[in-house]
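Residue numbers (this note's numbering), protein chains in the order written: chain A, 5 to 103; chain B, 1183 to 1481; chain C, 596 to 1025.
Keep in mind the hints are simulated off the structure, nothing from the lab.
Careful: at least some of the hints might be erroneous.
[To be verified] Computed list of chain A residues with no C-beta within reach of chain C, every gap over 12 Å:
no., residue
1, Ser18
2, Lys21
3, Gly25
4, Thr70
5, Leu77
6, Glu88
[As the list claims (entries may be wrong)] Simulated crosslink set (SDA-like; lysine to any residue; CA at most 25 Å straight-line):
no., chain 1, residue 1, chain 2, residue 2
7, B, Lys1423, B, Ile1378
8, A, Lys14, C, Asp735
9, C, Lys656, C, Glu692
10, A, Lys93, B, Glu1267
11, B, Lys1269, C, Asn609
12, B, Lys1244, C, His803
13, B, Lys1450, B, Glu1397
14, B, Lys1342, B, Phe1424
15, A, Lys9, C, Gln790
16, A, Lys10, C, Asn609
17, A, Lys93, B, Val1186
18, B, Lys1342, B, Phe1413
19, A, Lys29, B, Lys1468
20, A, Lys10, C, Thr820
Using N, Cα and C, we set each Cβ at its ideal position, and we do this for glycine too.
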Amino acid sequence: MTDSKKDYQKILGSVQKPVIGEAGKTGTWSSKKPIIDLNKCIPVKSGKPSCFNCWLYCPEAVVTRTIPPEIDLVYCKGCGICMEECPVKAIKMEEVNPE
Amino acid sequence: MVNVMDLPEEEFIYPGTRACAGCGMALIYRIALKALGAKTITTVPASCLTVLHGMQGFCSTKISVYHTPFATTGASASGILASLEDKGLADEITVLAFAGDGGTTDIGIQALSGAAERGTNFIYACYDNEAYMNTGVQRSGSTPLGVRTTTTPEGKKVRKKNMPKILEAHGIPYIATANAAYPLDLFEKFKRVKNIKGTKYFHILSPCPPGWGYEPKNTMIIGRLANETGFWPLYEVINGKFELSKPSKRYLESSKRKPIIDYLSAQKRFKSIDDTTTKIYEENIKNVWKEIKSRLENH
Amino acid sequence: MNVSEQEKTEIKENIIMLTGNHAAAHAIRQARVGVVSAYPITPQSPVVEKIAEFISEGKLKARFVKVESEHSAMAVLCAASATGSRVATATSAHGLELMYEMLPWASGNRLPIVLNLATRSLGAPWSVWTDHQDFITIRDVGWIQFMCENNQEVYDTNLQAFKIAEDPRLFLPVVCGYDGYITSHTAQPVKLENQEKIDNFIPPLNHHINLSDISQVKGIDPVTTPHIVKRVEGTAPGYYEYRYALQRSLENSINIIKEVHDEFAKRFGRSYGNGVLKTIKTDDANIIIFAMGSVASQSRVAINKLRSEGLKIGLIILKLFRPFPAEELRQFFKDIENIIVFDKDIGYGYEGVLSYELKAALYGLKNRPNIKGFIVGLGGRDVKTEHIITGVHNALNEFKQGIFTNKTEFLGLRLDELSDYDESTYFKSG
């Protein structure tokens, strides 16, 4: 059936399929990236799932709710919300080489 | 109140969207989808959320989205729901309409009012960043008094519309305010409405770093100030019964509220505000809380 | 022909007196639509009143979204169609204009929506009477546009419209136009077809997009760009390609429209020319009247009178207005000398729309015919047989003298009764 279709019959309504990084590697938007000091991080120190403010408040869903929390720097836009929301100031924004 | 561990770990938005760094709306949408789950269809008009959802060929969410013209959010949700009812799928799938303040309080108010009057079984969420941000920060009906936008260079001369009250007048079963800076409260509220039939309306404060003039890292700080100063009380009206939400309860006592100037002075958009306008803000907040108190006492 | 008593009864049972509006409503019911959404407007309202009645009586299992405006009606149908339901609506005049924003949205997303248009004049000045002005304003939005002459044709064209709209080679919205009052409110005998036969003719919708299938996550109608977007996950067309596909599909829909018409004729025994054009007494004609809708009906009467004067005159009735069947018309008119067009609409600032579109279609014919267009019946002014006859005489006179002009000529104007009228003095007099 597909083969007998004319070129214009294959293009119908404009549709989207889901992808990671629809806007590209958004980590390139900022050179400053959050670095977690694991000596201060509450769930790391306690060994128990707790706090996770960095995960909760991240608008980009680039932080994992794991011990320790991990940040996907390929897509992190470097907004710094996690740094502000960390109750023990365990996160600092630092210049990170994008490579 | 829910705990951070009560939220599903699963994300419904893939990383790498077109939303600005520090976007309040992105967090609101992320948390709302966690509460509603995968069996959700979103309809979204021209807005920052259309931008987040992505352009030609590719989208950034794990749930389906219908992009609809600016004025039609409420109508498109009605259409999706009618079709789901036609197919017997309406009990399985949640219809979520998500629009900005311009799309809700201005161009979309008629379609929303119609959908609410018809008792359409859907959730309508207005993320209020208090101006037309996606088109370059023009004033909307939801822009507060004194705010500088590209179409109010001297500051807006009139106050913002009270959209939740307009929806209350429709007699719908659920109305809530929320705030990007209180994701647990937001989650709990979206979770609650999943099982309420009829039209559910959310009005959610969505701090916007470029539009409001503050550093992206401060989105939650600004959002919290809106609550702490009493400017943006968090509440629910469930079947007509008014309830103050936990994060706002302590501000019933006026002495607990921070001065409004703390909120106003933290954002460039308020920089042309004078003392008279600040006084109007103080007066308005006083009146808002007086009304809240009386509504609580009447129940 | 021998018809048994039993057959007579059967035929009688299926033929009932219906207005054009109710004929449309019956077709929508029998097409088993899933979602209807509409807003009241004269002269369309009886369509949706009847549908509401069918639903409340359990004769139609559909959701009827009773919206607060026509803009919302079309928005509801776009979304419901994208969610996978068969959908329909009806409107008129300002309702159509209020829908306007949504119309290219429907065609651009390739949503097979069927819209009935009981035609009506556009204000200002305010008028609730009929002409074709609303119908012609949507000629550039990418819909298939039919114009019907009588109530049976309204019913039959609606049934064909669903099949055409949902054809997997097309996926295009269709409007069925018919004159307000003249067709919409006049009762005529209409044969309603057997439901099973209709079900066989219109198979269930197999849509190219279906939001209700949540196992396949998708976005519908995002912003497109002037470019092709290429990623490892795939390649997506740009705006230009989408619009090319829409235009090509419309151009190629004429054959599919004829095919559906022929199949309808075979199954139900009624045909309308070739499904695109209807020809009346054209075999020996060297003069042709070109018109659509109720103007064409009036012209049927006029050509009989003109033939009694000795003119070899015939009539071409345009059934399909969009896509404009230019190739068909060129074939038909290649040896015709004189054409007179009657328009119940104007492309304001230019001519009647049928007039200038026919001229454009015939450009390049070796033997260029003489063409003159007339305006008739705007705002419900009666179109009388004598107006058509006068038009033909005037045109033939001009052709003889070699006069050619784009200047519009209004038939049935009554300026002579207004010799005292001047707005600047109107409030001062009397």
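* **Enumerated hints in conflict with the structure, sorted upward** => 1, 2, 3, 9, 10, 11, 15, 16, 19
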